[in-house]
Amino acid sequence: MILKIIYFGMFVSLLLTVLIIPIIIPYMKRLKFGQSIRIEGPVSHHIKSGTPTMGGIVFSIVTLITVIIFYSIYNKGLIGVNMKTWILIFVPLFGYGIIGFIDDYLIVVRKNNIGLRPIVKFFLQITIAAVFFYIYLIQGYSTEIHLTSKISFDLKWFYGILTFLMLVGGTNAVNLTDGLDGLAAGLSSFALSTFTFIACRNGQYDVMLFGAVILGTVLGFLIFNSHPAKIFMGDTGSLTLGAAIATMAILTKYELLLILVGGVFVIETLSDILQVAYFKKTKGKRIFKMAPLHHHFELCGYKESTVVLIFYIFGLIFSLISVAIVIVTT
Numbered sequence: 057m058i059l060k061i062i063y064f065g066m067f068v069s070l071l072l073t074v075l076i077i078p079i080i081i082p083y084m085k086r087l088k089f090g091q092s093i094r095i096e097g098p099v100s101h102h103i104k105s106g107t108p109t110m111g112g113i114v115f116s117i118v119t120l121i122t123v124i125i126f127y128s129i130y131n132k133g134l135i136g137v138n139m140k141t142w143i144l145i146f147v148p149l150f151g152y153g154i155i156g157f158i159d160d161y162l163i164v165v166r167k168n169n170i171g172l173r174p175i176v177k178f179f180l181q182i183t184i185a186a187v188f189f190y191i192y193l194i195q196g197y198s199t200e201i202h203l204t205s206k207i208s209f210d211l212k213w214f215y216g217i218l219t220f221l222m223l224v225g226g227t228n229a230v231n232l233t234d235g236l237d238g239l240a241a242g243l244s245s246f247a248l249s250t251f252t253f254i255a256c257r258n259g260q261y262d263v264m265l266f267g268a269v270i271l272g273t274v275l276g277f278l279i280f281n282s283h284p285a286k287i288f289m290g291d292t293g294s295l296t297l298g299a300a301i302a303t304m305a306i307l308t309k310y311e312l313l314l315i316l317v318g319g320v321f322v323i324e325t326l327s328d329i330l331q332v333a334y335f336k337k338t339k340g341k342r343i344f345k346m347a348p349l350h351h352h353f354e355l356c357g358y359k360e361s362t363v364v365l366i367f368y369i370f371g372l373i374f375s376l377i378s379v380a381i382v383i384v385t386t
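As numbered in the working numbering, residues 57 to 386 make up the sequence shown, in order.
A few of these clues could be false.
Between beta-carbon pairs, the in silico distance windows are [as the list claims (entries may be wrong)]: (1) 71 / 329: 32 to 42 Å; (2) 210 / 169: 41 to 51 Å; (3) 71 / 286: 13 to 23 Å; (4) 211 / 333: 37 to 47 Å; (5) 187 / 316: 20 to 30 Å; (6) 358 / 85: 42 to 52 Å.
Treat the hints as calculated values from the structure; they're not laboratory data.
Here a beta-carbon is modelled for each residue, glycine too, at the ideal position from N, C-alpha and C.
Build the full structure now, drawing on both the sequences and the hints.
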């Protein structure tokens, strides 16, 4: 029954995505909702200018449609559905997706890379995280953090700080990584697969269904986002995926494992932070040719597809190690 749930969710969401994306692409082209490319970026990216963006809107929409279809077929309560869980899932999923959508819309309308002001964007992200944590508390979810199956600490209100770091940090990390065709989507598929496995092992079938469904949308999107990309997810998609991954880590109570599962995202983010800090301290010098790290390798002469493949390999390794840790420690 469990495998049936996973396969059903993945298949329906993948199918819907594959059917919807070909409709979105020409529509975005007519609206001239194309990607703006950084002038200082790799020359090979200039050809991507004008490629339809905001395709990540399918992640939240298709996920919602698939979940509705699922419960209309299987009826309520069949797999121990907890509506509280779905509220917690959809608040950050749509909240961060809307922030990304507004940011993307401003960029395509202005025809440059200037969307929401950073301070405004950060405030909105913090607000969504605060709403999530408030709902999390009033619904009686645990504020404990588990180091092992036998060792745990109750962080109480400090758990809110952890929640903010995970949601805001996670969404921005995926956003930073979304710079090469298929990179963020592919890495997200590994992370989502890992937490879907954990949810299944925990017996959290609602979280498991969510993971399977959004994984299906990501895989369907990858068909059109792999090199050469026909559409980009934009901030609409990257913030949605970051929120989905962080939310699953919180609900499965494997908060700390998120650092390992999203290892490539963490490395990409650190490379950007180090670059900015070093640049300011040395008044113009750089550690990398360009940040985030994937652009550094491009400027070193590696093909875009090669960089993506290498990052995929590391993403898969991090996910497999994470799964092994879960199996050994529980």
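Which numbered hints turn out to be false for this structure?
Numbers 4 and 6 - these are the hints that the structure violates, sorted from lowest upward.
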